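Add chain B to chain A, keeping to what the hints say.
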Amino acid sequence: MTTLTSGGLTSGVSAPPGGLRRIGSARWRRRNLTFDKITFFLVFLVIPVAFYIAFVVSPFVQAAYFSLTDWTGFSPGMNFIGLSNYAKLFADSTFLQAMGNNILMAIVVPVVTLGVAMFFATLVTVGGSTRGNVKGLRSSSFYRVVSFFPYVIPAIVIGLIWSQIYDPSAGLLNGILTRLGLEQFASFAWLGDPRTARWAVMFVIIWGLVGFYMVLFIAAIKGIPAEVFEAARIDGAGRFRTAISITIPLIRENVQTAFIYIGILALDAFVYMAALEPGGGPDNTTLVMAQQLFTTAFTKGQFGYACAMGVVLAVITLAYAGLVFAVNRFFGGKSEVGE
Amino acid sequence: MDINVKPLGRRDFLRGSLAAAALAATGTLGACATSGTGTSTQTSSAPAGQVSDTNPFGVQSGTAVEAVIFKGGYGIDYAEFAGKQVEAKQQGVTVKVTPTTKVAQTLQPRFVAGNPPDVIDNSGAGLIGVNTIRDQLAELNDVVEAKNYEGTVIKDTLYEGVMDPGTFDGKFIVLNYVLSVFAIWYSASLFEQNGWTVPKTYEEMLALGEEAKGKGKYLLGWGKEAATYYQTMAIGSAIKEGGDEVRLALDNLKPGCWSLPPLQDVFNGLKKIIDAGYMKPGGSGTVFTAAQAQWSEAEDFILYPSGSWIENEMKDQTKSGFKMTGAPEPVVSSNSKMPWEALHSTAGEGYIVPSQGKNVAGGKEFLRAMLSQEAAVNFAKTKLASTIVKGTVPADGFGSTALQSQIKMLETAGSNIFSWTVLNPADLYGMNTDQLVVWNTFLGGGSSVAELTEGLQKITDKVANDDSIKKVQVS
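Sequence lines, in order, name chains A and B. If you read the first sequence in our numbering, its first letter stands for residue 1, the second for the next number, and so on. If you read the second sequence in our numbering, its first letter stands for residue 1001, the second for the next number, and so on.
Next comes chain B alone, as it looks inside the complex:
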């Protein structure tokens, strides 16, 4: 996850949006007047090539595929690698990979004009809210039903449930490529040195806070742009405690969803830790990477809830000998619906294929290349993160303790893997900005559990009651 500053002036913004508008006025608005609503899913009219097992989408020779890839922590070289594979497998097809750091700003005019790229890595802080464009995306079922470059049906090579976060109202339209495990991360070496064990409940966390204090360290810490990592952890813990009931209430923006007992228990557990002074103060004024370095480099605090991208994100700011290891998010009580080992895991780096692209088949072929064993192993090896393709990480995790623990947690969890759709990390309705404000106040000790609940409920209700926002029904 990459949270960037956005140095863009209001005038630049207006200019950009209005240039887009000018395009709309000249080209597509006219087209739209004849084609009706303009929201119907149009399939590409590009002539299809011969469909076969080696060319399942019928990419035509001599065509070009345009891929726009978010250039964040993972770079774009892995996408270029897949592009080369496509060029090698499909005679006469060329692939052009273009990097971008601000997906929405760069591509917004092209969506309006009706000539989006063929495949997009829709990620990063400036991603396009999928809810906004989901009518303009091609369904990707045929991609996972096709055979990969090694001859196996792709679906059978993927981890369990990785298609769920990309499925909206029954349509699979976003292929999330990178597997993320949400956990609390710590230094195994530091814990071993001090004889600490990983806390499994919020009570144990509180007790560990006391011990850490004895060593002059804080238990937890946070950065202002990442305060909602605690929300992610809280929801994870609450779902383990209360099961699907909690998940569905939150995903479907039910009134009073934040007041459900499991969530309240988690909030109270956190509040005790905050009130005891085990949270490193000043987080609401600290840039999140600086806060994370206080954990990984200075070891000012000892536990940090985050996704598994944390290792890659902090690799230049990690103390040597810091054996970064993950543990499942804590549970509330011993009789929770799911065991402590249950794991919050979902896939990120959402790849989409716009249905109006010039070469939809080419876009899908690009995804097929990315899902090949060769490309997936290449990604895991160079980025120290697993893709959604199974069995690409060896037991030694390419020498990374974080990756080792990630694979181990996944194995231990077995079928107890869960995720959710609407709130962050997916953040379908763009509520994170508002939630950050509420969480920064709470983590800094500035509000009570009741105030936190009320603040979060207000944000949820605002979206729920706004008819202009199309909702996704989650079941």
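Next comes chain A alone, as it looks inside the complex:
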């Protein structure tokens, strides 16, 4: 592009070509490029961007490229094979099943977790006695601490604990159920029966995460001035009505962020699955894409194919985030009291 033609054609630019540059450079000089400024740019802009490109962008680009090759992962060479990995992927019934499992989890886990977290957060902050100041239930700080406990335990440990609880013969769950007289649960394999495995696994994920999102919502609700709730109460709004019409619209942005975080986690879920269902579960009902990707890469030695799975997973994750934004906007996000 030459400056002459572009300068002449662009209607918004009134200065003659060359003049623009002069003004620009003059302004540049006026800014006094001191040592402080240069180092500031360097430290806070150039270096982070360089790191970002080197360690985030370029690997992504490379992974996308490898998905178009037949790389085994262990050879220095590879052949370009175009989109045939993707063609194989969408004909691979196991991978499609894993994708379906992931999508189901990305729907159920966020809705249930955030629903439960919101319920508890409301109780702990504004759900208390209707007399006097707006407050939570009695000893709510105790509940808050206790509910956060599961989040303190690493995911892999949660998985291992629950795989013991679900153990058919020696597990706590079947122990309690049989003690209650439900004999049909003796030796019932919660993680080994296609009817129950996926729900059992999702329950563990939800159990592990409710506390964190509850604390997140509590913090958000505490940021709402108490007068708003008092006004609602004076107007005769009950607890449920307050939650729906006051609390949720006021912390809309937090809910959106929470939805995106937990959705990404549900689309991944690798760590929980590695502990609970390392083999993909009965009839592959709990197989997730990340597991399939891992096996394909390291056990089967098909890194090119695995990279294609990674790309699909990334696209689905982005699509999910986009969907959450769209839904939020559809219900009038930002235009209301949200800010």
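Since the hints were made in silico from the structure, they are not lab data. This structure is a prediction, so every number in the text was calculated from the model and none was measured. Built from N, CA and C at the ideal position, the CB exists for glycine as well. It cannot be assumed that every hint is accurate.
[Stated by the list, open to error] Derived DMTMM-like pairs (lysine to aspartate or glutamate); straight-line CA-CA distance at most 20 Å: (1) K1390/B x E1411/B; (2) K1217/B x E183/A; (3) K88/A x D1467/B; (4) K1470/B x E183/A; (5) K1271/B x D283/A; (6) K88/A x D1461/B; (7) K1215/B x E1297/B; (8) K1462/B x E183/A; (9) K1470/B x D92/A; (10) K88/A x E1411/B; (11) K1089/B x E1145/B; (12) K1390/B x D283/A; (13) K1084/B x E1411/B; (14) K1471/B x D70/A; (15) K1155/B x E1411/B; (16) K1462/B x D283/A; (17) K1458/B x D92/A; (18) K1458/B x E183/A; (19) K1213/B x E253/A.
[What the hints assert, rightly or not] Just the calculated beta-carbon pair ranges, DEER-fashion: (20) V108/A x D1467/B: 37 to 43 Å; (21) N1465/B x I103/A: 47 to 53 Å; (22) Q164/A x V1377/B: 37 to 43 Å; (23) T1412/B x V108/A: 53 to 59 Å.
[What the hints assert, rightly or not] Over 10 Å on every C-beta distance to chain B, these chain A residues come out as not near it, computed from the model: (24) F41; (25) L89; (26) S141; (27) L172; (28) G175; (29) L191; (30) A220; (31) K222; (32) S245; (33) N254; (34) A321.
Below, chain B alone, put in the same frame as chain A:
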């Protein structure tokens, strides 16, 4: 055999693989552009030392040998022992032994970059599929043709057929160090107490199931990660019944291989046992070590098909007085091609020497040390398992009933020892993960023999029809 959970996030994985990719982009890809396909077997360019009977591979003084050893049930002390031997025998050579629990993840970047270690114990759940790297491995014929530290040609000191599982398309590239015998294991003391005998056919197994039930015990049981141990047993029984025909059909992924009559007979025999309720329920939801403890500690069930590593694996969870003993896998009928005594035995713990390693001669010397009498006896004594080197286990099996029975089974079988190449335990194409799903359903009573056959055939066909997977021709 060690089945671990793999607590690795997708991001860690991407990071790892992409770090490897970065390496590939900077170093080896450029190198590969000039050297052509990059798959040709390159021999090490390291200067060779003087070749002699005591230094058959010409290890040079002053060089270092890097050994990466899988740290599973056997630990790494036996490898360190061999490393010390190398250092003592070869002046000025140093050996560095590094443990790893995830071989493929740890070493993948180094294979890509072209600087793999000199010798690797490629074992465990995270092993590198040999099919992926077999072009990058040195042939090990000269190792077994060399003389060991005691002066005997190594080949003559090994058990029969132990090189077969490491030979692919005629090239011997994996030295499987530990001898594994596949059997059904039981407590001799418990059987004696109840007057039970070891079943030799599936009919007898069914009958024993009834008796066990009378004592409030199940016949068999399984764990979710180890459901395919039953596949191993089924194939073993079918090969005894139908001979090489069955083995070759399975190894070469022939269409309809799972429908061969001997295999179907075995599946039907198993199905009868499952339908009769002699299989401890809930296995598909039980961690395999917990399931194995139900057998060795709680004695909830009385027979367990497994490899001979079972004793070492369960040594902390075995009831005292549990005389762990093995018996050959059952046969289908009385007119089987091989007798009941025929034994499924193969070698595991695959040692490989990458041809691009800095010190290939050093890697081979390390293997030579491991195959010496001294190292082999040390292994047998400390791990209660036999290496592929003959005559290292005394008759008392160092006091282990399992080891005693293992040696006895090997002796009784004589030349009737068989193994196979492709399916587990070797699992060349990584099909075990998919097969586990099918077997868990079947063992839990959730599918018929026809459904099991169809499921297994589908997995086999998928690999057979995938042109991007290089196949091994087995004969």
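So, going through the hints one by one against the coordinates:
For the hint pairing K1390/B with E1411/B, the CA-to-CA distance comes to about 11 Å; that is within 20 Å, so the pair holds. In summary, the hint linking K1217/B to E183/A is supported, as the alpha carbons are separated by about 18 Å, within the 20 Å threshold. Straight-line distance between C-alpha atoms of K88/A and D1467/B comes to about 11 Å, which keeps the hinted pair within the 20 Å bound. Taking the CA atoms of K1470/B and E183/A, the gap is about 51 Å. The hint is violated against a cut of 20 Å.
Distance hint between K1271/B and D283/A is fulfilled; the C-alpha atoms sit about 18 Å from each other, no more than 20 Å. As the CA atoms of K88/A and D1461/B are separated by approximately 15 Å, the hinted pair is consistent with the 20 Å bound. At roughly 16 Å between alpha-carbon atoms, K1215/B and E1297/B fall within 20 Å of each other, so this suggested pair holds. Note on K1462/B and E183/A: the hinted pairing is violated, with a Cα-Cα distance of about 42 Å set against a maximum of 20 Å.
With a C-alpha separation of about 19 Å, the suggested pair K1470/B and D92/A falls inside the 20 Å cut-off, and the hint holds. Pair hint K88/A plus E1411/B does not hold up; C-alpha atoms about 49 Å apart against a cutoff of 20 Å. Under the criterion of a C-alpha separation no larger than 20 Å, the hint pairing K1089/B with E1145/B is consistent with the structure, at around 19 Å. In summary, the hint linking K1390/B to D283/A is not supported, as the alpha carbons are separated by about 43 Å, beyond the 20 Å threshold.
Of the pairs offered as hints, the one joining K1084/B and E1411/B is violated, with about 33 Å between alpha carbons and a cut-off of 20 Å exceeded. This hinted pair checks out: K1471/B and D70/A have alpha carbons roughly 15 Å apart, not beyond 20 Å. About 19 Å separates the Cα atoms of K1155/B and E1411/B, which keeps this hinted pair within 20 Å; it holds. Annotation: proposed proximity of K1462/B to D283/A holds, straight-line Cα distance about 17 Å (limit 20 Å).
Restraint check: the Cα-Cα separation between K1458/B and D92/A comes to about 12 Å, which is no more than 20 Å; the hinted pair holds. In summary, the hint linking K1458/B to E183/A is not supported, as the alpha carbons are separated by about 37 Å, beyond the 20 Å threshold. For the hint pairing K1213/B with E253/A, the CA-to-CA distance comes to about 62 Å; that exceeds 20 Å, so the pair is violated. Between V108/A and D1467/B, the C-beta spacing of about 39 Å keeps the proposed range 37 to 43 Å intact.
Distance hint check for N1465/B and I103/A: the Cβ-Cβ separation is about 28 Å, which falls outside the suggested range of 47 to 53 Å. At about 40 Å, the CB distance of Q164/A to V1377/B agrees with the hint of 37 to 43 Å. Here the CB-CB span from T1412/B to V108/A is close to 57 Å, well matched to the stated 53 to 59 Å. Every CB of chain B lies more than 10 Å from the CB of F41/A, the least distance being 27 Å, so the non-interface label holds.
At roughly 12 Å from the closest C-beta of chain B, the C-beta of L89/A stays outside 10 Å, upholding its exclusion from the interface. At the 10 Å boundary, the C-beta of S141/A stays outside the reach of chain B, the nearest C-beta of that chain being 33 Å off. With a least beta-carbon separation of about 14 Å from chain B, L172/A lies farther than 10 Å from that chain, consistent with its non-interface assignment. The beta carbon of G175/A is kept farther than 10 Å from every beta carbon of chain B, the shortest such distance being approximately 13 Å.
The Cβ of L191/A does not lie farther than 10 Å from every Cβ of chain B; its closest approach is about 4 Å, which violates its non-interface assignment. For A220/A, the requirement that its beta carbon stay farther than 10 Å from each beta carbon of chain B is met, with the minimum near 27 Å. With a minimum CB-CB distance of about 32 Å to chain B, K222/A clears the 10 Å threshold, and the non-interface call stands. Residue placement check: S245/A keeps its beta carbon more than 10 Å from all beta carbons of chain B (closest about 39 Å).
At the 10 Å boundary, the C-beta of N254/A stays outside the reach of chain B, the nearest C-beta of that chain being 24 Å off. Even its closest Cβ contact with chain B, about 16 Å, leaves A321/A beyond 10 Å, as expected for a residue assigned away from the interface.
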